[in-house]
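Chains C and R are the protein sequences, given in the same order.
Note that the working numbering has the first sequence beginning at 349, numbered continuously upward.
Note that the working numbering has the second sequence beginning at 99, numbered continuously upward.
You may find that some hints are simply not true.
Counterexamples of contact, computed for chain R against chain C with all Cβ distances above 12 Å [to be verified]: (1) Arg185; (2) Pro332; (3) Ser354.
Simulated restraints on C-beta separations [unchecked claim]: (4) Glu488(C) <-> Val190(R): 33 to 41 Å; (5) Gly252(R) <-> Lys467(C): 17 to 25 Å; (6) Gly506(C) <-> Ile161(R): 49 to 57 Å; (7) Gly252(R) <-> Ile422(C): 23 to 31 Å; (8) Val396(R) <-> Asp723(C): 36 to 44 Å; (9) Glu488(C) <-> Ile189(R): 27 to 35 Å; (10) Lys369(C) <-> Leu246(R): 50 to 58 Å.
Below are the DSSO-like pairs computed for lysine-lysine, each with C-alpha atoms no more than 27 Å apart in a straight line [to be verified]: (11) Lys748(C) <-> Lys327(R); (12) Lys834(C) <-> Lys547(C); (13) Lys397(R) <-> Lys369(C).
Note that these hints are calculated values from the structure, not bench results.
Backbone N, C-alpha and C define an ideal beta-carbon position, used for all residues, glycine too.
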Amino acid sequence: MSPAIELIAINKSFGAVHANKDVNLSVERGTIHGIVGENGAGKSTLMSILYGFYEADSGEVRVNEKPIRIRSSIDAICAGIGMVHQHFMLVEPLTVVENVMLGAEGGAMLRAGEAKVRKELARLASDYGLEIDVDATVGELSVGLQQRVEILKALYRGADILILDEPTAVLTPAEADALFELLRSLKAQGKTVILITHKLREIMAITDRVSVMRRGEMVATVETANTSPPELAELMVGRRVLLRVEKTEKVPGAPVLEVQNLSVVDARGVLRVANASLTVRAGEIVGIAGVAGNGQSELLEAIAGMRRPVLGSIRFQEQDVPADEHNPHHMRELGLLHVPEDRLRMGLVPAFPAFESAILGFSDEPQLGKGPILDHDRLVADLAKKMEQYDVRPPAPRLKTSNFSGGNQQKIVLAREIERNPKVLLVGQPTRGVDIGAIEFIHRRLIALRDAGVGILLVSVELDEIMHLSDRILTMCGGKITGERKASQTNEQELGLLMAGVTDEAA
Amino acid sequence: MDLGILVTVFDSALRLSIPLLAACLAGLWSERSGVVDIGLEGKMLVAAFAGAAGAYVFGSAWIGLGFGIFASVAFALIHGFASISQRGNQIVSGVAINMLAAGLTAIVGNAWYGQGGRTPPLEGDQRFDDFLFGHSALVFVVLLAVPLTWFILGRTRFGLRLRAVGENPAAVDTAGISVTGLRYSAVIIGGVLCGLGGVYLSVAQAAGFLPNMTTGRGFIALAALIFAKWRAWPALGACFLFGLLDAIANQLQGFSFPGIGEVPVQAIQALPYLMTVILLAGVIGKAIPPRAAGVPYVKER
Chain C
349 MSPAIELIAI
359 NKSFGAVHAN
369 KDVNLSVERG
379 TIHGIVGENG
389 AGKSTLMSIL
399 YGFYEADSGE
409 VRVNEKPIRI
419 RSSIDAICAG
429 IGMVHQHFML
439 VEPLTVVENV
449 MLGAEGGAML
459 RAGEAKVRKE
469 LARLASDYGL
479 EIDVDATVGE
489 LSVGLQQRVE
499 ILKALYRGAD
509 ILILDEPTAV
519 LTPAEADALF
529 ELLRSLKAQG
539 KTVILITHKL
549 REIMAITDRV
559 SVMRRGEMVA
569 TVETANTSPP
579 ELAELMVGRR
589 VLLRVEKTEK
599 VPGAPVLEVQ
609 NLSVVDARGV
619 LRVANASLTV
629 RAGEIVGIAG
639 VAGNGQSELL
649 EAIAGMRRPV
659 LGSIRFQEQD
669 VPADEHNPHH
679 MRELGLLHVP
689 EDRLRMGLVP
699 AFPAFESAIL
709 GFSDEPQLGK
719 GPILDHDRLV
729 ADLAKKMEQY
739 DVRPPAPRLK
749 TSNFSGGNQQ
759 KIVLAREIER
769 NPKVLLVGQP
779 TRGVDIGAIE
789 FIHRRLIALR
799 DAGVGILLVS
809 VELDEIMHLS
819 DRILTMCGGK
829 ITGERKASQT
839 NEQELGLLMA
849 GVTDEAA
Chain R
99 MDLGILVTVF
109 DSALRLSIPL
119 LAACLAGLWS
129 ERSGVVDIGL
139 EGKMLVAAFA
149 GAAGAYVFGS
159 AWIGLGFGIF
169 ASVAFALIHG
179 FASISQRGNQ
189 IVSGVAINML
199 AAGLTAIVGN
209 AWYGQGGRTP
219 PLEGDQRFDD
229 FLFGHSALVF
239 VVLLAVPLTW
249 FILGRTRFGL
259 RLRAVGENPA
269 AVDTAGISVT
279 GLRYSAVIIG
289 GVLCGLGGVY
299 LSVAQAAGFL
309 PNMTTGRGFI
319 ALAALIFAKW
329 RAWPALGACF
339 LFGLLDAIAN
349 QLQGFSFPGI
359 GEVPVQAIQA
369 LPYLMTVILL
379 AGVIGKAIPP
389 RAAGVPYVKE
399 R
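Taking the hints into account, I'd like the entire structure generated from these sequences.
The structure is reproduced here in structure tokens:
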């Protein structure tokens, strides 16, 4: 076996950030090679260098044992490298054919090239089972099919080496399985696949070898068969981590949050939440599982009072919340606190110093200052104390919010909300963009809160997270709640079906 | 109404819609590539001035056209440099173009000819003659731009790439195509079209430049562009409709309505604008612009 790709002593800096430090990587032809690492470990930068999005400051790239210089995506495409980006590089109003031929039209007029694309797509469909309606508008395809278009684009351009960046983040478990099936068949035909992910389960399931990156360096490359998830996690973080926080069975208390027949319509008039009802009891974590974009975000925002539902009502601690009092301010006063999904857009102000971000939404509290004047020294001292409790690094309250890593920003938001003694806590994507080490900490906190009698409604696209933390799990698909299961009595396959819209009656 | 009046109105509608159509297509090219262009007005104005001055000095309408297009493209490149290369705010840049054009043409015109910003009246070869059916050649050049735009955008490689870059420039970049190059091409095409529209105003429709002679046509063209949902044939329809309203308004001046009496000229002149508001607010429904329009392209980390 010979290497399809070799990266030798790659260095890349963005200003003061050394994103890749002397990185070496060798990928054997005809294998599936995983690359894992925490956020900011340098995986995406490395792959962007390979695909010509950036040029390395120093180092050498060899494709099929020949050194080449990749200055732009064109060079990469010519060298047989194709990339499926995490955020698809598709033009939504164009058709599948037009998207596939973009940049490889085969002549100034489209007509001739189009016939060739159709023929080639038919061949790829029969060779790899990549069937698709070639005249469909890409924006109207499901996310799974859009990803298929991305793969077809790469294969049409003659890619021998396919890089996939977090390909399963947007897929249902069933779609992910289909993708892995496809990757195996690509491998069987001699193609080389590089898979970037942070899901260790996927690494174990499909890769032949795996390389681990940490803080810009390549720390290890191992045979997948000879390693284990705990070992990989330890390599990624640099210390031992618990992948699953244990929790004890508990009998939940009285209902603290009841949502009745809630429907939400978005700004474009599309129904995003359809007639959703749910109950959260004291001392229980209710998880909402679903593929991103199926109404979970809107449901959470509607409960928090940020969006006005078109229909439905909510009850808090067995009291009706009148529609005109259903706003974020009033809900906070009642004790319904919210860790929003998108912390940079809704949870923090990136340009503020941390101590200001740490009082957002609570700046009216009288103890924070005298009258309209905030007592900065006090805010700094308060946050310093919380930073110690929550292990925020660096423990610097005056540092700009955007200078903290994702995990530490999330800890600042959590500290702000949790320390106000919620009765109900809404949590959206608590560990998105958060390092494994911090995930363990955040999970511990949430379980401690639940043990203290708080009702928690958790929305996450990470099915593992939902399964680890929740007592009860609801699934959402297309804005509807499609099922409810006890966490102890279900499994990934069943939840996957419910998330895909197979309802209880059919399952 | 007899046939004679209908023909007159139709004829003048066509005449009035040509500068709108040229500007509207210019906006179409620019915005389909992702560059919002509210500087259509300003570009037409500089083209009208440079066209009239060029035609006067060299005694040829066609040389005037060359000057007009050159001036308009130069202004288009300023907008391109600000919004593509420098990733500036495209609205601010467009406003600046409009203000610069309004001020510059009046001042330079006054300095050169001392007639309050006007150019001297054009006559003979300095103007575009009637070419066919009493219309000048420019009318047909602008009309021809409609099928050309439709064909190039829909049927050629360049058009596919241009449509793609206005929706998702990152997709174009990762396909190995220059986003900057495509957007500059579109902006330049827009400059040429605005040049045609502006020169038509001062060298074909009128006989010389008047300060601020575009009188908001660049903005009506933007309205027509939205009305046409950024497509070439509907743009023709929208511009003709606005031209027709204008022509009818002209016919109705001094006309006594039964039961109302004579309506003030200003009210009739406001009709096209009112119609625009009503059409845009109610009738045409949602017009979705190219997704990347107005957003400078920056490679993400």
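Self-check item: Hints violated by the structure (listed by number, smallest first)
Solution: 11
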